[in-house]
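Taken in order, these protein sequences are the chains called G and Y.
The letter at position 263 of the first sequence is residue 263 when you use our numbering, and the numbering goes up by one with no holes.
The letter at position 138 of the second sequence is residue 138 when you use our numbering, and the numbering goes up by one with no holes.
Where hints are given, some of them may not hold.
[Stated by the list, open to error] A few chain Y residues that face chain G, going by a derived Cβ cut-off under 7 Å, partial list only: (1) 71; (2) 92; (3) 105.
Just so you know, these hints were derived from the structure itself, not from any lab.
Just so you know, these numbers come straight off a predicted model, no measurement behind them.
Even glycine gets a Cβ: it sits at the ideal position worked out from N, Cα and C.
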Amino acid sequence: MKFDISRVVELIAGDPQADRAVPPTGFTARLTLFTAGAMAFLAVFAMALSFATGRLADRWSSELARTSTLRISAPADQADAQVRAALAVLETTPGVAAARALTPDEQRALLEPWFGPDLPVEDLPIPQLIEIIEDGTGYDPTGLRARLQAEVPAAVLDDHTRWREPLIAAANRLRSLGWVAIVLIGASTGAMITLAAQAALAANAQVIRVMRLVGARDIYIARAFVRRFTLRALAGAAIGTFAGMFAVWLLPSADVAGGFLTGLGFQGVHWLWPLVIPPLAAVVAFFATRAAALRTLREQS
Amino acid sequence: MIDLDNVAYSYGGAELFSQVRLSLAAGSFHFLTGPSGAGKTTLLKLCYGELQATSGQVRLFGEDAAMMDRDAVAMSRRRIGVVHQDCQFLDHLPLTENIALPLTVSGREADAEANLGDLLGWVGLRNQAAQFPPQLSGGERQRAALARAVIMSPHVIIADEPTGNVDWEMSQRLLTLLVELNRMGKTVLIATHDMNLIRAAKSQVTTRVLRLKDRRLMQAGGEL
């Protein structure tokens with residue numbers, strides 16, 4: 001099919017007279033408005049999910065990629081010596097930029113989500129944790145484990161790889177699913193609007209016949225439907241989008257929830273992203289209605 | 001204006017008519033008669049491009065209708081005013097907007113202001129201008145349909161049983177309007193069962209009466 005830009009411009013421009021010629025059909029108007037609104041609402045959540053999982057994946061990959069943890073599980077009277085020995089090993093390990101033992105307060109903070117505040121960590125047989133920060137080249141974990149086994153038998157090296165990689169993969173997959181959901185929501189919106197437009201065209205078969213009888217071109221007739229459905233989709237999606245943004249805004253923030261979840265919401269400029277949903281819904285409605293209208297008009301002739 | 005050359009039309013495998021030859025010259029006045037179901041309405045639809053002939057050639061203003069794209073058919077319809085027996089109005093629009101519809105769809109809304117007053121006066125519907133089609137009587141609807149058919153100043157007026165739903169007096173009024181249009185140089189083609197209408201027309205204007213019968217179009221004989 002040849003693409004004719006002038007026809008698209010004609011369709012966008014609209015014509016109030018053409019609009020008047022087609023009587024309003026309450027059912028399809030409400031259906032389009034509701035569908036666009038509901039889909040936009042869902043799209044906002046899908047977008048928020050996508051951004052949140054994206055942030056989670058970024059955080060895990062950037063913050064944890066260059067850190068490791070050494071756990072010293074030794075009797076209380078040997079713990080300090082083992083920690084000093086471990087730190088000495090780490091200081092001389094190529095690829096380790098820094099290493100430090102976590103303070104009791106930091107260890108308490110790590111356990112706080114499970115045991116609550118004011119846990120007497122000093123009196124409990126809790127392993128001492130040492131945070132290792134790699135330099136740009138990174139260290140050889142196999143070699144380090146061998147050295148630690150010889151010099152600090154109570155040390156267990158956790159380079160996070162074991163659980164970090166599948167988590168990052170899961171987060172990335174969840175982010176992709178969020179975008180796939182948005183595409184599916186767009187396609188569903190298009191399908192629903194196509195059905196609504198076809199219903200409107202069928203309900204107005206007599207109007208179309210009369211308009212043809214007096215010399216109306218297909219593009220003129222289609223324009224009345226396209227303009228109407230585009231505006232309805234835009235209005236519905238705008239309502240749905242703002243409702244969705246408000247609902248996301250009402251969600252508890254990550255800090256209040258406890259520090260692990262990154263928070264299902266938007267941050268910073270990401271709050272602007274949902275604003276593309278109403279125009280996108282209008283574009284979907286425009287092309288869906290246009291295709292439905294021109295196809296139906298061809299079939300009715 | 002409109003020429004049919006050896007035209008046939010079949011529907012659902014059954015031939016409705018064939019070997020139809022018809023030429024509507026500028027300023028001519030034709031009646032099309034024939035029994036119900038003979039295909040008069042179908043023949044009229046071929047004449048204004050709503051249907052395509054199964055075989056043969058239909059030329060609208062010199063153009064082969066089979067070769068015309070959809071826009072070209074729409075443009076040719078602006079040069080043909082059509083009056084249906086059931087009028088075919090948009091019931092949600094007032095009479096003035098219905099009559100002005102051909103101008104509206106052509107992007108000539110501005111012309112409606114200038115033409116509507118005179119036109120409503122000509123068909124005697126000034127007082128009904130703000131009414132909606134369902135509020136009009138059969139005769140008023142037919143006159144309104146005629147006004148809509150002529151508002152674009154078309155070259156050809158095609159009317160399908162325009163007096164089918166009105167009394168004799170109203171038939172006479174409608175015929176007078178159609179004769180007036182013909183005297184202005186418009187080509188007129190009317191499908192009708194009403195022999196009295198044809199006789200009345202013959203007394204006012206030179207007409208050619210065609211009869212569609214037994215799948216053929218022929219010149220009507222002495223029964224008139």
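- Item | Restraint outcome when residue 71 of chain Y is required to lie within 7 Å of chain G by C-beta distance | Check passed: Cβ of residue 71 of chain Y comes within 5 Å of chain G, closer than 7 Å.
- Holds or violated: is the Cβ of residue 92 of chain Y closer than 7 Å to a Cβ in chain G? 4 Å, holds
- Query: Was the hint right that residue 105 of chain Y lines chain G, CB cutoff 7 Å?
  - Reply: 4 Å, holds
Checked against the numbered hints given earlier, the structure satisfies every one of them.
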